[in-house]
Each structure stands twice: as structure tokens, then as C-alpha cells.
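Participant: Following the hints, complete the assembly by docking chain X onto the known chain V.
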Amino acid sequence: MLGMTKKLLLALDHIEGISKLDVYRQHGGYAVLQKALKATPESLVEEVKKSGLRGRGGAGFPTGMKWSFLAKPEGVPRYLVCNADESEPGTFKDRYLMERIPHLLIEGMIISSFALGANTSYIYVRGEYYYIIKILEKAIEEAYAAGLLGKNILGSGYDLNLYVQPGGGAYICGEETALLESLEGKRGNPRIKPPFPAVAGLWGCPTVVNNVETIAAVVPIIQMGGDEYAKIGIGKSTGTKLISASGHINKPGVYEIELGLPVEEFIYSEQYCGGIRNGKKMKAVVAGGSSVPILPTELILKTAAGEPRLMSYESLGDGGFATGTMLGSGGFIVYDEDTSIVKNLFTFARFYHHESCGQCSPCREGTGWMEKILHKFIDGHATLADIDLLWDVQSKIEGKTICPLGEAAAWPVAAAIRHFRHEFEAYVNNPAAIKQVKHYYRLNKLEVVNS
Amino acid sequence: MAKVTIDDITIEVPDGTTILEAARMIGPHVAPPTMCYYSKLKGTGGYCRTCIVKVEQGSEKDPRPMPKPVASCRTTVMDGMVVRNNTSPEIQEARAGITELLLINHPLDCPVCDQAGECHLQDLAFDHGKVKTRYEFERRTFTPQDIGDNVKLHMNRCILCYRCVKTCDQITDGRVHGVINRGDHAEISTYISNAIDNDFSGNIIDVCPVGALTDKTFRFKSRVWFTNPQEAHRDCDKCCGKVTLWTKGTDVLRVTARKDAFGEVEAFICNTCRFEKKQLSDWTIDGPRKVDHKSVISANHYQVKEAPKYLYDRVKLLNQGLDLPEVKDNK
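Chains as they are written, first to last, in the numbering used here: chain V, 130 to 580; chain X, 1201 to 1531.
Keep in mind the hints are simulated off the structure, nothing from the lab.
Among the clues, some could well be false.
Just the calculated beta-carbon pair ranges, DEER-fashion [said to hold, decoys possible]: (1) V:Glu203 x X:Asp1215: 34 to 42 Å; (2) V:Lys365 x X:Gln1292: 37 to 45 Å; (3) X:Asn1381 x V:Lys149: 38 to 46 Å; (4) V:Met194 x X:Asp1215: 20 to 28 Å; (5) V:Ala514 x X:Leu1480: 54 to 62 Å; (6) X:Ile1380 x V:Gly435: 47 to 55 Å; (7) V:Lys315 x X:Thr1210: 27 to 35 Å; (8) X:Thr1210 x V:Pro323: 22 to 30 Å; (9) V:Lys365 x X:Asp1327: 43 to 51 Å; (10) V:Ala514 x X:Arg1423: 31 to 39 Å.
Virtual Cβ for every residue (Gly too), placed ideally from N, Cα, C.
Here chain X stands alone, though its shape is the one from the complex:
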């Protein structure tokens, strides 16, 4: 076991845990944002750099700080490590910089994007973005492509998190999906535009943090916040069959896997469940789905986001123009 202190909150975690996982164990308000890391897939993380944190003390034995900010999703904790995330102004500034860089080539077409409302980049921009852009040049553009019968690729919106590439590598057989070209004209592509044709390819829609990969059976049907998420299951011989149905009245508009507080699926589902079972009679409804943490949708009700009490206290002090005390124990 290793003791690690993140933003002045100490937690004991098993050896080999990453800083990010340790922060997630403390709670979503401490965890750094992630755009590319996906705990359900192997070898993800390290690319987007939004989860960078400052390591003030490397370990109990070697108390030197790390010279550069580190990607928390790829750095394992050491006993006695002291990490700063939300309480470090430089990390906040660096993260704002990375958010700005992620957005300079993003089309910002949220009003017509199906991902809006459940988009991780929107959340990131809301938390760390600036009001105005300083980028005044033409954004890179690509033509939307069909990847198979059911998935549409909007490369313009892609932030190259490689999650879909890892998904195709790990849960579908035969690698047909990858990245071509390099630098800021790199693009996600199936091998010479071949359709991805296997039973689990639809999961690339769920793992995509932005609206680059969208479900063609759902595109432009409804804004997600007008739909009603419900937990449902069916007996499926390919997958666990546990899904979230997004309904409007008696219509099933969309089927996705169930996602946790960090926007990650609980279990991958097959294409039959996702694309073909679009009747309420196909499913057994378990009850309303609570959409957690950052989402504006929670069983069609806005959920009050409880910030920890100390944050309110600090805001009060700030409003009075007083100096902020050092954060000791946030619990």
C-alpha cells in the first residue's frame, strides 16, 4: 500500500495505482479531467495532457519534486507522494493552455453536434476554457466519412485521443482502424476506408469523448437532454445486455452502454443491442438512469452539483476581498 496526498487529501491506495486512479478514489471533484485515458482499455492515456498534475514530493524516500508536470494517468504513485491538482495555479494555467490548444482546431459546432450535452470537451472547456479564442487562422477541415453502416466519422471534431483505435485493437478482432498522416493533419481512418464490420465496433461511439464518432441511427433525431435515459436489459448471447435506453415517449431513439461518473462505460455492448433493438418491447426496463457528475441530464432533471463546503467558504472570502487560508483538510 502507498500513501499519497492529492490536493491535501491523503489516501492509501494499492501499489501500482496511477495518480489519476488514486484521485478518482477520493472523488470526482479532485480527479483531473481526462480526454484520452480510459480505464476499461489497456494502454490508453498520456496523449491529451489534460490530466497533468504537479508532483511536489516524489516519495517518502526521495522527496525531490518532479521537474515537469506529469501525466497523472500514466504515473504510478509512490509512498509519501504529494500531488497538486486543483490547488496548483500553474497546473490550472497549464490545463487552460492545453484546453485552448485542443480547441483551436475544433469546429465548435456544438449547436449541430449530437454529442453536445455529453461531450467531454465541452465539460473541459466549461471548466478550463477561455471566453474568447486567440486563434485567428483557418481551422483544419476534413470531409465526414462513413465508417461502416452505423457510424459516422466527423474528423473535424476529433481530438486524436486514440481511444477508438485502442478499442478496435482490443475488443474487436483484426485491426482495421488506425491513424494516418501525422501532426495536425493526422486523421482517424479505417484502412483505406474499409467498413468496420464486426459485432463490437459500435463501442467506438461510446468511447469517443467528442462528437467525432456518432451513431447514424440517432444522428439529428433529438438533443440528448430532451431524451429520457432509462436502464434496461435483455438476454443477449453476445454481450451482457445491460444498456441505457434513451427514449422519447415510447420511441427508443438510442441505445448506449451504461456510463459511470467519469463517462466510461461499465461494460461494452454488442452492435445488435445498440443498433437493432430499437423497440421498447425488446427490453426490460429497470428504472431511470442517473447520469452522473458533470452531465446536465439526470433522468431529465438537473442535478444539483454539490461542491465541497470548503469551496463555498473560500468563495465567500474571495468576495470579501480577503486572503485565502492555506487548504489543510478538505473533508
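Extracted from the complex, chain V is given alone in its bound form:
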């Protein structure tokens, strides 16, 4: 590969047949495992702590710290669960990783399980990724046959059983406690925390739940050492991150970037997204999956202070939600000037309404209400008061729910009104114009009508 950035996770993804065990081993696969099994579990946790690796699933919680919180009572089994229920709209990095290099995940799972002292581990895969379940199961079968899983792995005396569990296709099961409920065979409702899974997780035992990318990143960390890994990236955002770039760009796809890459370079350079397609201008960006606040062009390229915005947890979060956003899960959606933010928001709101589990009242009732109000805008019979009502409803949901789904539903609405209020007003003031336009999400035509 010609890439200038150091590739840690996707270094091998271009190799033919890398999903097979023998090819993976030829290219240095499972060498890190041999190294790890000779070390003590505590030293492995220490390496991950030193690396500064942060959870890649969205929240960005330091992984080493999460691991060190794991309760270790005597005689109680511990579990490692890999969260492969990747369902955030705009995010498809785990799918790519598991599809191309399943053994990287499995190697990461074995090392992490060894570090945490888990003898049974699970990979909870999203139900819609049916073909990936088959890929993973095949890879696990190969690993069992080669003595990399099961009893006495590579003669180290460490036993591990690894299972793949398909989910039922609910977005909410990507929330770690709902995932555990689902894994236990129950209805996937988030649990009320505390207790956290590190104390009482799967079957009431201490459990660590990590994202696919986080677990895969453990392999290069152990390979190069935590200190060396921490040198990659910028500040507290260490290492590399997979970004699922989609939307109106010339080259959508999964890119591995070093954290700290300028957003402008990511969007416009040939190496990554390759600019906006059809020579259009960029209008807005959702930087980390559908639930993070949308930002207009001027704020995504530069922070409110005028500094260039970087792809890192801190830089994207600069300015709070007033002028900033989040790195989230890395679902990078770019919108060109023709996109209607209101229509886009309606799509998101419909999604969150459909996926709300119905357990706590603000999210259950509020998500449906927001969708219905937004539908009024799309239908062209909203009033200006509806904008304020929408703002009010989202503020009634945010921060008052059991799990982050309520916030995930409220943030995009808040950000769209905050940065694109004029578009909502345009929908109110020109309902007839919206009806006339055949593809009414193309707001540029509406602007012509306005003038």
C-alpha cells in the first residue's frame, strides 16, 4: 500500500485469502499471541493501559482503565464479550474488519481473554451480518483445529472457548448491558447501572464488553508495546482509527487513519475521501455515526477558535455541543450542498423511533413524537412553533433516559436546529415549493424559488 499513515489494523487487508488461517500465519499472524502467552496477564493489561487505547465503539472510554475495573472475586468466572453489533447508521468499519481479517479479531480475543483471565468469550454479531457469522465460525473452526483455541492453547496451559452469537437485529443490543441481556437469551433491554458489567455482567459475573476494533487493536499494541503505540496519534487520542466514510464523496469506504489527521485533508485528499463528488460543495458532516451532532462546513473544518479541526476525540469535541461534535464510532457521513438537512434528520428520527426499546418513558414516547413533528415538516404543513416544540421535546429526552439511545436520538435533532434553523424555516415558509420539487430533498432548487 502506498499510504503514508502507518497501518496497524488493515495492514494485511489487501492480501489474497487473508481470511484463511495459513495465509494469515504466513504474514506473521498469531506470532503476537505466542509472545503474549509467555507474559503475565497483569503485564498485558499494563501495556494496554500505557497505550492509551480508547474504546472504539463510540464512547471513547480508556480500554486499559475498563480492564482494570474488572472485579476478580475468587471462584467466579469472568467473561470477555466482543460487541460486534455494529448498527449505528453510517458505521461499517467492524464489518470490513471481520469480513477481511477475521483472524485478527480472534487473535485479539485470545490475547484479551488471557489478559482478563476469561476462559469463555463471546462475539455478539449483529443479526444482519449473517454472512460474517459464517466467516467467523469458519475462522474459529480453523483456530480450534490448529490448537489456538480450546484446551491448553499453544502449550501454555491456558484454556479458552470462543463462541459466536448472532443478534436478533435490534440497534439497542449494541448498548453493552442490552447486549448482555440478549446474550443471556432475554429481551434486549438495557440494564440500569450501577452495577456496571465489570462487577455484574453476563450471568451476573464480571464481564468486559469491547468493540471489535478495540479488541483488534490489542494485537498491534502487544506487538509494539504500549509506549510505542502511544506515540502514534495526538494527545490523549492515541493510535489509529478506522473511519467509515460515506455520503457524497468520491471515494467512500473504510480508511485507517492516524488520529490527529486534519479533517480537511481527510475529506479532500486523494488518499482518503477524494473530495465531494460531482464537483459540488460540502454542506455538512456527521463525524461519528448518526447519533453525534451534525456540523456545517465552516465548523467541521475549523473549530470555533479558528484552529483546523483534527480527527481526534479532543479536537472534534472542541467547543462542546455548541460548536463541536464527537468522534463517536467513526461513521463519517458527508453531505453536499443539495442535501436537505430536515429530510436527513427525519430519516434519523425515524430510525431512532423504530429502534427505541420502549423501556423508559422519555425515549419511548419522545422519539415517536419527534418523528411525527419532523414528518409535518416534510409534508409541508409545519408551523414555526413546531421548531421550538421539536427543540423542547429533544431537551425533555436528553440526559433523562436509562441508556444513551435517548441522547443519540436527541443530539442530532438539537444540532440540526442549532446549525440549520433556516432550513426548517424554509420548509415552513414555502410548503408549496417543497411539494413542487420532485426530489424535495434537493433544497438548492427551493432556494431559487425563495429568491
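Facilitator: Below, chain X without anything else, positioned relative to chain V:
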């Protein structure tokens, strides 16, 4: 023991007590409203979010405030915790918001609902609701269902508090009751509409905070405030046999468990007592039942609700257009 200050009233409670229980120990006028928490059942609470409070100080050791409002029914107290409930304007606003959200899909059919008069959602709406609704869309609807011979389920009125689900999990054997579907079309259902058939299933009527689960032997017989609640008991081999009889003249219209100031039953009763013993001769009358706190029914007399004196003083000041002093000691 932990010292906790709720709305400027300090109380010492055993470790592991929740904020809600501590507030209830101070008194009903301080306690946050609850729609889903039920102290007699395990694992309830956390769903309805009406009991949210603001924690201004986490504990003596770690005085940082909690970033978000917390569900008081699921948060245990720490020594030195400072909590605001009725004295926090943001909590009052948030609670009003949750009340509004709980009501947007509620049919508001109180005039024909058997629960009216003893409905927790009515109380909540009275305390925190708005006069008008801002919701202008069609409400979700379901067809009423029979759950067994004696219980009617009106899913339209349900607020999905999960109390009946926990009741069926914990005091009846063999789980036959649960929630199907998700989001705002989630509904309470027995497994493929099987009847709940065991001796304690009638308790789901008592735990229901709204009129979603009603007693078929009582439906449409009388408004509750026209009936006369009396304490009674009988020798029952299945349960404690201590109940409240709701009578009109010499007719026993309804039998329920005895409920405390927070609308929670004192002891669960069996179906035989509840549905079959509908003669005064079946029971030994102990005397009139005082229905407490929020109810309009108290032995058929309206009970004067004593608000604490400081509230009257504050209202007086408000009427005079003066600034309110900071609340120090409400006792």
C-alpha cells in the same frame, strides 16, 4: 449510617438505602412521585423517570455534583449527599416534561376508566401536568384483552411500568406475562394470550398504577369515590387475608389489598379473597379504611391535605410579589 440532605432536610439512613426511600422516610410531601418503582417487588424502578432528582453533592468525600439527573429509586445514598427534588426548578421542569411524554399516548379516558380517583397518573398529571397538550397526532391504540377470567387489559392506558411483569415473575409461578414488541408499540401480553392461571395473579390489578389492568368483577359497577373502603379480614389458607373491602350499602363491590401512603400494597392477597368472597358475611369488618396521602377517598370523607407551614408562607410572599427566601429548615 449515611447522612443525606433532601430539599434541605437532613436525615440519617442505613447504608444502601435509595434516595427515594430516604425521601419517603422524611415524608410523602418530600418523596418524588413514582410510577414504576414498587418497594414490595425486587428489581422495579428506573423505567418511568418521574422520580428523577438532582444530586448537588455526591458525597462527603467526593463533593462533585452528578452530571445528569438520577433516578432516585435506583441510586443509593452516600454519606453527605445533597439532593434537590421539589426545590429544584430544573427537576420540576424535567418532571413536567416526563409527565407530558407519559400523557401523549394516554387516552385520557378518565371519565370511563375504573382507576379514576386512585390513579397515580392522574395524581402525577395533577401535580406536574400542563393544562393543554401539545401533541396533535393520533394516539397509539390497542384492542382491550382479557387476561384470564377476572382481569381486563386496556393496553391504551398502559405506561409500561413493568410492575405487573415483575409481579408475575416474582409472586406467581411460571412466567406467563411479559412485554412484546418494542418502542412505543411495545405491549404487555401474556404469552400468546394465555390466561394467567394461578392463585396470585389478581395482584397485577393492585400494582398497576393506571387503569390498564382492571378487575372484571368490579368494572363499571361504581366510581371508587362512591364506595366505602373498610378494613376486613378472614382466615385464608393461601394469604394473610387482610384486605380492604369497597362496599356500597351491604354490597361488596370490590376487594383489594390494603395500600399504604404511596399506593403500595401492604401484603399481597390471593385470588379467592379478591374475586370470590363478595359477601359481607365472608368477612370480619375491622373498621373504616383511611386512604392516605393523595387519594380523594378517605372513608368517604375528603381529607384535608396538610401542607407544611413554610409552603403557606412562601405562597403568601409570592402573592405579595416579594422575593422568596432560601429554604433553610422546613421543619
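Participant: Could you check the structure against the hints above and give me the numbers of any it violates, in ascending order?
Facilitator: 1, 7
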